[in-house]
Amino acid sequence: MAVEPVVYGASERPPRGDYSRARADYTCAQNWASYTAADHDTYRRLYERQSALLPGLAADAFIEALPSLGVKDHIPRFEDINERLRPASGWEIVAVPGLIPERPFFELLANRRFPVTDWIRTPAEFDYIVEPDVFHDLFGHVPLLFNPVFADYVQRYGQGGLKAHDLGAGELLSRLYWYTIEFGLIRQPDGLRAYGAGILSSSGELQYSVTSPQPQRIALDLLRCMRTRYKIDDYQATYFVIDSFEHLFEVTSPDFTPLYDAVRSLGDLTPDASTASDSSITLG
Numbered sequence: 003m004a005v006e007p008v009v010y011g012a013s014e015r016p017p018r019g020d021y022s023r024a025r026a027d028y029t030c031a032q033n034w035a036s037y038t039a040a041d042h043d044t045y046r047r048l049y050e051r052q053s054a055l056l057p058g059l060a061a062d063a064f065i066e067a068l069p070s071l072g073v074k075d076h077i078p079r080f081e082d083i084n085e086r087l088r089p090a091s092g093w094e095i096v097a098v099p100g101l102i103p104e105r106p107f108f109e110l111l112a113n114r115r116f117p118v119t120d121w122i123r124t125p126a127e128f129d130y131i132v133e134p135d136v137f138h139d140l141f142g143h144v145p146l147l148f149n150p151v152f153a154d155y156v157q158r159y160g161q162g163g164l165k166a167h168d169l170g171a172g173e174l175l176s177r178l179y180w181y182t183i184e185f186g187l188i189r190q191p192d193g194l195r196a197y198g199a200g201i202l203s204s205s206g207e208l209q210y211s212v213t214s215p216q217p218q219r220i221a222l223d224l225l226r227c228m229r230t231r232y233k234i235d236d237y238q239a240t241y242f243v244i245d246s247f248e249h250l251f252e253v254t255s256p257d258f259t260p261l262y263d264a265v266r267s268l269g270d271l272t273p274d275a276s277t278a279s280d281s282s283i284t285l286g
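Here the sequence shown is numbered in the numbering used here, starting from 3 and rising by one per residue.
Derived by calculation from the structure, the hints in this document are not laboratory data.
Incorrect hints may have been included.
Quick list of simulated restraints, FRET-style, between CB atoms [stated by the list, open to error]: (1) 89 to 246: 23 to 31 Å; (2) 173 to 255: 18 to 26 Å; (3) 246 to 90: 15 to 23 Å; (4) 285 to 249: 16 to 24 Å.
Below are the EDC-like pairs computed for lysine to aspartate or glutamate, each with C-alpha atoms no more than 16 Å apart in a straight line [unchecked claim]: (5) 165 to 104; (6) 165 to 263; (7) 74 to 104.
Yeah, the Cβ is synthetic: ideal placement off N, Cα and C, and Gly gets one too.
Build the full structure now, drawing on both the sequences and the hints.
Below you can see the structure in the form of structure tokens.
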């Protein structure tokens, strides 16, 4: 049975990727031979640009782990990364044709398998792309899977996601993913830094999230986070900040079921909302 493609958010754009290649769990072969010279050059230029922006903006743990991706001048073979990733944290990356549904996504994470989109953006999308592509997934997500504590957090998220799916709370839990794994900030001794993949793979938001006075920065509170809607087509109006990956792992350890009930009772907040209970973090 053919799997169904997934669209991004409320987008009316047709799905990207060839889902006819996907297995029942949405994984597929990377088909590395299909990449063109232009594809490899796009990856090389993206890697070169983003890696040059990291000092002073990206989390130290990310910068330290980035070399584990291996080659910089072309799209890596996933099996080559897995030869280093499996012994480091017990994870592996698997190719997918694009966005996948909630439950298969959670199942992969719960089993320490991270889905990586295997197609790459066009040169016209060099500066901005709506959907995640192979550069976003590899450069943004995979390095921190070499960090044992963060890797355990991602697995726990997948396990919690399966439960949330059964409770009809997938959308609420997706906000935690968005504001941590995709757009999280961490407080280091030398200042705020980015660890979220959506920030680290964006040339504009990397600088904006860490240095701009415009957005809110709030200490991570699970209830506040799960109540807060997010933007998929602009820089975030609010960022949630953790003190360490150990802190992130600990704060997400309790059962989320009462939280889901509380969120539903209190209602959603807009992306730029502020509340009296916010623990705001200022720059400088």
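Evaluation of the provided hints:
no. : hint                   : in the structure
1   : 89 to 246: 23 to 31 Å  : holds (24 Å)
2   : 173 to 255: 18 to 26 Å : holds (22 Å)
3   : 246 to 90: 15 to 23 Å  : holds (19 Å)
4   : 285 to 249: 16 to 24 Å : holds (20 Å)
5   : 165 to 104             : holds (11 Å)
6   : 165 to 263             : holds (14 Å)
7   : 74 to 104              : violated (31 Å)
Of the numbered hints stated above, the single one contradicted by the structure is hint 7.
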